[in-house]
Each structure stands twice: as C-alpha cells, then as structure tokens.
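Protein chains in written order, with the working numbering: chain A, 7 to 337; chain B, 276 to 364; chain C, 12 to 528.
Over the 12 Å line for every Cβ pair with chain C, so calculated as not near, a few chain A residues:
no., residue
1, W77
2, P119
3, Y232
4, Q247
5, M254
6, D271
7, K285
8, G293
9, A300
10, A331
11, V337
Just so you have them, the derived chain B footprint on chain C, three or more residues with Cβ under 8 Å:
no., stretch
12, 20-31
13, 65-73
14, 226-237
15, 317-325
Computed Cβ-Cβ distance ranges for the label pairs, DEER-style:
no., chain 1, residue 1, chain 2, residue 2, range
16, C, E313, B, R319, 13 to 23 Å
17, A, D297, C, R503, 52 to 62 Å
18, C, Q94, A, R112, 38 to 48 Å
19, C, P457, A, Q85, 41 to 51 Å
20, A, A264, C, N527, 50 to 60 Å
21, C, E313, B, Q308, 13 to 23 Å
22, B, I331, C, E64, 21 to 31 Å
23, A, D297, C, E440, 53 to 63 Å
24, C, E440, A, K34, 40 to 50 Å
25, A, A32, C, M43, 44 to 54 Å
Calculated directly from the structure, the hints in this document are not laboratory data.
Cβ coordinates follow ideal geometry from the N, Cα and C atoms, glycine included.
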Amino acid sequence: MQIDLRTVTIKPLRHTFDNIARRIGADKPASRYQEGTLDMQQEANYHYRPTWDPDHLIYDRARTALKMADWYSFKDPRQFYYGAYTLARAKQQDTAEANFDFVENRGLAATLPESIRDTVLKLLIPLRHVAWGANMNNASMCAYGYGTAFSQPCIYQAMDQLGIAQYLTRVGLLLGDVDVLDAAKQAWMEDDTWQGLRRYVEDTMVLKDPVELFVAQNVALDGLLYPLVYETIIDDVLSAQGGTPVAMLTQFMTDWYAETRKWIDATMKTAAAESEDNKVLVGQWVGQWRDRAAAALLPVSRIALGERADELTGEVVQQFNARMAKAGVPV
Amino acid sequence: MSTVFIALQTNEETRQIIEAIVQDNPGAVVNEQPAMVKIDAQDRLVIRRETIEELIGRSYDLQELQVNMITMSGNLDQTDDEITLFWKS
Amino acid sequence: MDMQVAKKKLGLKERYAVMTRGLDWTPSYQKMEDIYPYIAYEGIKIHDWDKWEDPFRLTMDAYWKYQAEKERKLYAIIDAFNQNNGHLNVTDARYINTVKLFISGISPLEYVAHRGFAHAGRAFPGPGPRVACLMQSLDEIRHAQTQVHSISNYNKYYNGMHDFHHMHDRVWFLSVPKSFFDDAITAGPFEFMVSIGFSFEYVLTNLLFVPFVSGAAYNGDMGTMTFGFSAQSDEARHMTLGLEVIKFILEQDPANVPIVQRWIDKWTWRGYRVLTLVAMMMDYMLPKRTMSWKEAWEVYFEENGGALFKDLARYGITMPKCAEQIALEKDHLSHQAWSTFYNYAAAANFHTWMPDEDEMAWLSAKYPESFDKHYRPRYEFWREQAAKGNRFYNKTLPMLCQTCQIPLIFTEPGDPTKICYREVDYKAEKYHFCSDHCKEIFEHEPEKYVQAWLPVHQIYQGNCFPEGTDPTAEGFDPLAAVLKYYHFEHGRDNLDFDISEDKKNFAEWRGQATKNI
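Model the full assembly from the supplied sequences, consistent with the hints where possible.
Structure follows, in structure tokens:
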C-alpha cells in the first residue's frame, strides 16, 4: 500500500539568493554550505580604513602575495559551515570522552610500561604549546585572509587546535599530574630538543601574509608533525610496545588530521592551479617551511624513535612530498 | 538594590531548572513571557547543581545551562557546583 | 581503582586555567611587540594579563557538545518550518518586512563581528581574553549562517531579500548599520571590545534581540523565534565577556578610565542611532506588537542599564551623557523614522503602509505625550492623500549625518517641531550632523569619519549607477538607475504593501492552505 502524504504545495518564486544563483549558474536549490559561505564577506564600499593597519582596507586581497581572480574558487570539500562543523566535532568529542573514560576507569594508565609513559609525557605534553601557537595562527588567517571560503575553515582549525591542546593537557593529567604540565612547559622553554620547534612557532607568529602563514602552519608544520607523532610514533611504534591506551587518548588527533588534510590539500591545489605565478610562489613557501619544520621535528622525534628518528622522519617527509605533488605543488 | 535576572527558554528541560532556582532563591520573581521565562532577583541569584540534580533525577553539569539560556544580567561567577549572578554595590 | 595516591581533583577554575592560560608562554625568539603589534597604540595600559577572570569556563569539548545540541534542535525546527510552509502562519504578510530589514541590515553585521573577534582575539597577548574572543568569533559565524539559513525560506516566497549582501554594501539606509560595524572593526582591539563586547553585546543587545525575537514569537514566526533564542544563549557568554573586559581594563590602570568612558559614550550613542530601525520596527512593522520602543528602552536600558552603571560607578564610570537626549527622543524616534521610510518607500527593499485605526489607537495609548499631537495628523493626511490617488514618494535625496549616516530627520531635543542640524567646517569642507553627539564623535576623530562612503553623496557623484550607464542620455532617470545598481526590482521590492506581490501571494497561498478550492 502506498501512503501518499499530502501537504499544500505552493510554488516558490525563487530557489535561492541571487548571489548564489549567479555563482552556481542558475536559480536552483543551494546547499547550506553554499548559502552560508558564498559572498558572506563584504567586498565593496568600506567606510573607514583600519586604524590598526591603514595601508590596507578592512578586507584586502593585497595582504597576500597569492593572486586569485576569484577567492571563492577555494572550496572546503568537507562543506563545513558552523552546524556541520559542530555536529562533526561533537561526535568525535563523544568518542574521545568515551576513550578517556575507558582508560581512566580501567586504570589502563597504570598498565603502561614506565618507559612508554615517560616517553609519551615527554613527547606529547609540550606539543600542547605547539597547538596553542596553531590556534593563534589560524585565528590570524581567519582575521586577515580574503573571502569567506578561505577564512571560514581557519576559525574551525583554530578552535580545533585549542581542543587538541586541551586533550593533550588531559593526557598529561591522566598519565601524570599538574607537575607534568609544568615540566613540559619548562622543556618547551629551555630544553635543546624543543628550541628549533619553538623558534619555528614564534617565527610563524610574526608572518603577515595569511596564505604564507597557512602554508607554514597547516601545510608544512602540521603536515609533518601529525603523521610523525600520531601516525608513526603513537599508532605504530609505541602501540607495538604496549602503548595502545595512549592511541585511544589521541584518537581524536589522528582522525582529525585525516579529515583536515582534505581541506588543506584542496586549498593548495586551487591556489597552485590558478596561475604559474601562484604555483611557483606556493612551491617556494612549501619547500622553505617544510625544510625548517623537518629540521625542528627531528630532535623531537628522537624522544620516541631514538636512532630510527632520521629514517622515519625521512619517510614522513617523502610522503609529504608525494602528497604535495598530487596537489600540483612543485617541491 | 539592583535587579539581576536570568531568562531561559520555556520547555520541558527548563521547567525543573526554574523550580530549582525558585527553591534556592526565596524572593525571586518568575515572569512568564512568550516562549521564555525571566527570573528576577535583588542583587544576587544562585543556581545550584545539587538542587537541579535532585529534581531531574540525573547528574547535571551546570555548563548544560548554555543550551537553554537566553539572556542574563549581572556579574557571573561559576564553579562546579554553583552559578551566581550578582551586582556589587 | 586508582593505584596512585589520590590525585588532587582540580576545581573548575583551576582546571580551566591549565586548559587555557597554562598553554601560553613568553616568547624569546620574537619580540612581544612584533607578535602583538596592535596592543599599545590606543593608550590602554595593561600591567597584568593574569588578572583576567574567565567568566564561562568552557573548554572546547564542552563547547562542541552543547553547541551541537543547540544546532540539532535549531535545524530540526527550521526544517519543520520549511516543510510545513510555516511562513503562512505569520499574523499577516506585513510582518515579513521585518525579516527583510533583519537579513539585509543585521545579518551581515554578524559576519563582521566574526572577523572582528578573530582579529581582537589574535591581537590580545592575554590567553584568557584570547580564548573568549575566539569562541565568540566562532559563535558569530554561527549567527550569520543560521540567520541566512532560516531566512532563506522566506526569500523563496517573498521579495526584497534576494540579493541582501549586495544591498547591504550599497543601499542608502543600510549604510547606517554597515558603517557602525565598519567603525568598530577599524578601531583598535580595545575599542572594538568596548564597542561591541560591551556597549553592543551588553548594554544594548536586549534592545535588538528581544524586540525582533519576541516580535517573531508574537507574530507566528517560529523560524526566527527559534534562531533568536538559540543565538541568545550564545549571547549570554558574549555578555559576560563584555562585562569582564570592561572591569578588567578599568581595574588595570586609572589612566584607562577616561578613554573607556569616551568609548562608552560614543558607542552607546552610535548603537542607539542604529536602533532607530528597531524602534520603527517595533512600533510600526509588527502586526501584533509586543511593547513600544519607549517601554523597551525604559526596561532594557533605563532599568537594567541603571543597575549596570551603578555597579561600574566604583571605577569612576558614569552613565553615558547621551542617555539624557535618548530619553527626550523616546516619544518621537519611531514615528520620525517610519514617516521617513513611508516617504522614501520607492527606495527601500521592503514595503511600507500607514497604520490603521486600531494601530493608531495603540500608538496613542503608548505615546500619550506625542502621538496625537505630532504624528497622527500627518498620517491621517497621508492616508487621505493616498485614497485620493496622490500618494507622494519623495524623490529628492536627503542630507545624511556624516557620523551615523541617517538622514537629518531628527528633531531638536525638547522641540519636536524643529529639525536638528549641526555642522562642522573641517579642512575646507562642510560636514553635517543629526545631533551634538554625532558631531562630537566626528570632532574627536575627523580623519576617520571624513572617509565615510555616504550613499547620497555617492549617488550625486554618479557612483551608484550600473556599469556602462550613460547619465547624459536623453530621458535619463537617475533614481531608476540607482535602483538597478541596488538590484531592486521596482514595483516588486519597493512601494506600498497594499499593492505588493507579497500581499497578493500571501493571501492566495493562505487561502490554498485553509480553504477547499
């Protein structure tokens, strides 16, 4: 039996807003991502120049060396508008919460071999400061980037990195105590192991070009750090040595990286494909910052990898290069 | 004396929260408006987790209040157990 | 069972501290002033960022959890509203003009707030305010998008909203809200926080949201009401941030007090001028009215604001001076505004109308000092004229106030029969103002306000015609060209409600939904 529900059908005058129709080529139903993203940023007739940056307009294409005919060529393949973003993170948060509860309630932290626990604390906890830097940098990209398509995902990335910093803090409190956090901060500030990375992070904090900053932070640094620390060290190496509970505590980071990669790769691809000039520029940025990031991460990776550090870091860099090549970025 | 207030959405979840607030703040005045409830108090209003938990029959995180809160007036202080709205005089 | 010695359980405040300020460090490879270049030039002195008190101590995991819950509920309602042709349940189709005002005037400002808070958050060296600002930046894009998504459904069936981004950047009356937020985002980060975080989100927020959202509830607009309430719960966090910012800045150094006082004065006034549109909306555009503008001002500013400024008195802050003039304008603001829009109905993206007898009775009752004396006579006259076929549409462009950009329609405080004009000569040009307060704002920062893109000036300079227009051609109609530049469809988006497609369609569709045809 077919049930035929009847509602009153009235004919709409139009399917979407005119600016959306102009962009998607016809007046047809638009997605929430499209309606929430396209042309959201004001583009004309600004009333005043920023007193904090009078050489530029409020939103200004000239803040970056990258040139785009249309900044809405950028698209987030995840189609994250606020609602989709929050719902996705809430699900991941639920899993993370369950994982933390599991580890805590079963006393799994105590079952970790002492050396693993020490290694994990030494490696992971200072990374919460790196995440804090990523939060600041992505806030900067959102504030100074041009067009909602480019800037919107950056605020999500910024708050994700804050979330990651907070998860790492909880790992520290679970495997150790407040003292562990203090020790990690001291290492971050003073140990030779960490100074290359801290210098990298502080150097990114003074970058004025939002797209170069995107490359230095989201592409080069995170593009090496996440595969190295979360995929290689935690999920492979340490898990094989009895460190699986830690992998549970960092599952959020692993899943998150796999998801955000799609957006970052799409952004690189669009930027490079736009013009020969952009391709060269992006290639230069990626190459420079990748080399610095790799050098900074090497001593950090040694904490967990010992004499395998060079070999495994090298592999991660190779994979990174392949990934960039696939996105059309010459490295 | 200055008025502090909190306004919550009117729905099943907030009914008992409002009850808890009234219990813990004798002298608070409840104002029902379309789809919203405004609770006024003089100088100070306190929302207690324990009181809410007793009424709803499950554990409650005061952060959950975010979901149904509409607006408020006064300085805010928050701990694991209480949210207080207040004016200093 | 916990094998280790029982760990000290951290209270909310301590836990939150390690989760936020504990993440920060003092840089040594780069200088503070290079990492935070915008923090000194406003003259605000901060000696100890650690004195910042975090109001709502929300970590990201809790944020995602509770915001997702709000989003699920909100979109379920938006979907139901859409599926069910919820727009046909509004009291009458005149109500929809308030939605048009909202999407073209207010929603784009949410986006500017999003970018502004990202900038302020990044600019502040203190981790406490940074986290709060960035969370607000995230909230503001939520508001911008949920508004677009909710109102998208109205756009499908009614006119005037179809190109709201384009209109916001060009239309004469929309430069009022646009310039307000441009002013805020181009100010320094401390002024931005006082203007938006405090003056707008704390002092004045209830005057924007309660009228629109209660108005929605009273008039059967479940979609708007839902997003309004949903957004408001974010606003509670924003309000506490705004209040904390003010207290923090004032407590850090007495030298900050006069700077902050000036900002409070300026922004209360600028914000109030933007609220002219809300006053008019409440008194004239809601078929079922909630309260009068005068009443709303008395409750939400005079009472609530009174309590607030009493609290701030211990720092040496006083009630903004403009409160006196605003009190004098209470009886007149909405009527003067509506009269103007009725006059310029050809140039608006929403419809206008004259209030009927019942509505005039309500206005008489709410405004016993002013309505029957000053405004009823003109409305009765205009109604009479329209009935005779002499409906007059003003085609001459008005002088705009250089600061607030509203046409010079307001009367002298205390004398509603005299238009208030003020002027200033600055560098061989004459600038015009609606009031002493707007004039003072200009005089304090003339180099900023001379930059304004005043719509009327721009029209007269020929900058508001479509690409390729020839103004020297025979029979050129400048106002028609301006409407094209605005992307208005003349006869569809503008003019009186009574002859509108909106009215006709609403009646037809409602008929379909309630009658057997």
